Amino acid sequence: MKRLGNPLISISAPLLILLAITGYVHREGKDKIQVIPSLLVGSGLVLTGTVRRYRRRRMLLLEIKKDMNDKNF
Numbered sequence: 001m002k003r004l005g006n007p008l009i010s011i012s013a014p015l016l017i018l019l020a021i022t023g024y025v026h027r028e029g030k031d032k033i034q035v036i037p038s039l040l041v042g043s044g045l046v047l048t049g050t051v052r053r054y055r056r057r058r059m060l061l062l063e064i065k066k067d068m069n070d071k072n073f
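Numbering-wise (the working numbering), the sequence shown opens with residue 1 and increments by one.
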């Protein structure tokens, strides 16, 4: 299993989302719109990581199935 190089990088996107939500709660009026970029960036990073992990696992599964089929014939 692969070790994480820097655990701070792993939790940075969720922390960015948490910071954006906290900033949204504490601001009033038009100032609330300033937290939208950080919320979008944090959400985008989490979503990108999830999609990348899903694709990597799917490709690995397809390779394993391919190798199993090649060995059976």
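None of these hints come from the bench; they were simulated from the model. Just so it is clear, the structure is predicted and the values come from calculations on it, not from any experiment. The beta carbon of each residue, even a glycine, is placed where N, CA and C say it ideally should be. Certain hints may be false.
As the list claims (entries may be wrong) - Distance windows between CB atoms, simulated:
hint : residue 1 : residue 2 : range
1    : N72       : R52       : 28 to 36 Å
2    : L15       : K66       : 15 to 23 Å
3    : V41       : I64       : 33 to 41 Å
4    : M68       : N6        : 30 to 38 Å
As the list claims (entries may be wrong) - SDA-like mimics (lysine to any residue), calculated; alpha carbons at most 25 Å apart, straight line:
hint : residue 1 : residue 2
5    : K66       : G44
6    : K30       : L40
7    : K32       : G42
8    : K32       : R52
9    : K32       : S43
10   : K65       : G44
11   : K71       : R56
12   : K30       : R53
13   : K30       : T48
14   : K66       : R56
15   : K71       : L60
16   : K66       : L47
17   : K32       : R56
18   : K32       : L18
19   : K71       : R52
20   : K32       : V51
21   : K65       : V46
Hints, verified against the model:
1. Our hint of 28 to 36 Å for N72 and R52 holds, since their Cβ atoms are close to 31 Å apart.
2. As the Cβ distance of L15 to K66 is approximately 39 Å, the hint placing it in 15 to 23 Å is violated.
3. In this structure the hint that V41 and I64 lie 33 to 41 Å apart at CB holds, the actual value being about 35 Å.
4. Taken as a hint, the range 30 to 38 Å holds for the pair M68 and N6, whose Cβ atoms sit roughly 36 Å apart.
5. Simply put, K66 and G44 have alpha-carbon atoms about 33 Å apart, too far for the 25 Å limit, and the pair is violated.
6. Restraint check for K30 and L40: the C-alpha separation of about 18 Å stays at or below 25 Å, so the hint holds.
7. For the suggested pair K32 and G42, the alpha carbons sit about 16 Å apart, so the restraint of at most 25 Å is met.
8. Only pairs whose Cα atoms come within 25 Å are accepted, and K32 paired with R52 is rejected, the gap being roughly 31 Å.
9. With a C-alpha separation of about 17 Å, the suggested pair K32 and S43 falls inside the 25 Å cut-off, and the hint holds.
10. Simply put, K65 and G44 have alpha-carbon atoms about 31 Å apart, too far for the 25 Å limit, and the pair is violated.
11. For the proposed pair K71 and R56, the alpha carbon gap of about 23 Å is at most 25 Å, so the pair holds.
12. With a C-alpha separation of about 37 Å, the suggested pair K30 and R53 falls outside the 25 Å cut-off, and the hint is violated.
13. The hinted pair formed by K30 and T48 fails the criterion: a straight-line CA distance of about 29 Å is larger than 25 Å.
14. For the hint linking K66 to R56, the alpha-carbon distance of about 15 Å falls within 25 Å, and the restraint holds.
15. Taking the CA atoms of K71 and L60, the gap is near 17 Å; set against the 25 Å cutoff, the hint holds.
16. Of the pairs offered as hints, the one joining K66 and L47 is violated, with about 29 Å between alpha carbons and a cut-off of 25 Å exceeded.
17. Taken as a hint, the K32 and R56 pair is broken in the structure, with Cα atoms around 37 Å apart against an allowance of 25 Å.
18. A distance of roughly 14 Å separates the Cα atoms of K32 and L18; the hinted pair therefore holds under the 25 Å criterion.
19. For the given pair, K71 sits about 29 Å from R52 by alpha-carbon distance, which is inconsistent with the 25 Å threshold.
20. Annotation: proposed proximity of K32 to V51 is violated, straight-line Cα distance about 29 Å (limit 25 Å).
21. As the CA atoms of K65 and V46 are separated by approximately 29 Å, the hinted pair breaks the 25 Å bound.
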